[in-house]
Amino acid sequence: MHVRTFSLTFAGALLVALPLLAHHSFTAEFDVEKPVTFTGTVTGIDYVNPHVQVFLDVTGDDGKIIKWHIESGPPNQWHRGGLRKAMLAPGTMLKIRAYGAKDGTQHFAFLRDLTFLSGPNEGQHFELWIGGLDENGRPIYSERSQQ
Amino acid sequence: MNGSTRRVWVALAFAAACLLPARLVAQQAEKHPTEKEDPSAKPTPRFYDGHPDLSGRWGGQGGFFAFKDAQGTTHIYLPGREAPKSADPDDKLARYYLQVDGDKRRAENPDKPPYKPGLMAKVHQLDRDENKLDPVVKCHPPGVPRMGPPARIVQSKGWIVFIYVTEPGNFERLIPTDGRPHRTDLDGSYNGDSVAHWEGDTLVVDDTGFNDDTWLGSDGWFHSEKMHVIERLTRKGDTLLYEVTVEDPDVFTEPWVRRPRVLRLDTNPLDEVYDAPYCESLDAGHIVNHDHF
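Keeping their order, the protein sequence lines are chains A and B. Take this note's numbering: the final residue in the first sequence is number 459, and no numbers are missing along the way. Take this note's numbering: the final residue in the second sequence is number 295, and no numbers are missing along the way.
Bound conformation, chain A alone (with noise of 0.2 Å):
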């Protein structure tokens, strides 16, 4: 809790100069109200901005492969909480929480969070959020409108 509190003192004295610009609203495409958990093999990854997106194969109830593709938030997310594009290598497992896409694409969402299930980070596991509330229930965010 010690790095947390630290972290939002600094963000917060610190006015922002990064501005976070090229992205779409979540709800733009995706759904809270559908969830999913699966757990897949890595097959790829796009380490591009605005968004990370993610392949994985994920084989079915009826043995079937079905291909997943997982957007998430931007680079330099990862980035910040020490996650990196050399961690996703294929062949890695991963259980995935996601939202599913609103206009009905099938196998599409938004990245909620990951596990690793495999390689040299078994075990790790890291929620990815946009904004959110503080241990005190404030609002989390920058001053975006300035951008």
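Simulated from the structure, these hints should not be mistaken for lab results. Heads up, the beta-carbon is just placed ideally off N, CA and C, and yes, glycines get one too. This list has only true hints and no planted wrong ones.
Partial list, derived from the structure: chain B residues whose beta carbon lies under 8 Å from chain A:
#, residue
1, A68
2, T76
3, I78
4, A278
5, D285
When the alpha-carbon atoms are kept at most 30 Å apart in a straight line, the in silico DSSO-like pairs for lysine-lysine are as follows:
#, chain 1, residue 1, chain 2, residue 2
6, A, K414, B, K140
7, A, K397, B, K140
8, A, K379, A, K397
Based on the hints, put chain B in the right spot on chain A.
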């Protein structure tokens, strides 16, 4: 409550009262480990020519932060985004996705450009379609002044370099400080043509020669090619005051004097500028409504 019990409670209350200030101080010291030092009170470094040395990494990381909890889970926060309350009437997104009332934010924003009344309909229309029309959503350069203050400044003899890190990419501006006039041989561009001079300890950057392909913010804030931007940068110790005025006689009723911003020198290696991944909008086809960034 008998007498002895009361004495115990009084003793406990007294002990608690004695302990409280010390505990508060301890919390404050832990919560604000850097607050006791005023970064602006530190000596201001000087360049060889006597002007302040603006070189450094300025500001934070755009509101991103991360921490690892006691269970070992790493939480990584993206700054909050905006969505209409109607998208989440029951606050089901709370704690995952911060909702900001866009209409309220717009109404209360003290830092809006002073558009001519006849142009507000265009601003509103662009704003409504922002998630499809905003140039940066398409990974186009944000340009000056939307990029805000530079992430890093490199000062040199006769020149100063501003470096920016944005999601559409890293950008730089090479700005002469030797008193030369603006160039007249250039087409309009995203960052314009910049020249700078010193007024006391303040560096004044004058920017002209823009194209009209950029916005000034995500609320449909367009501008014309006649835009003229004046930036003023003043270093005090380990802080940088950034002031900007935007003039555009074609679209504004008066110059837009933005709220000043104060940035702190940032020496955290994790915040240092790095070569950003390229920008490619891969999911625009999945947008189903007008929810704003």
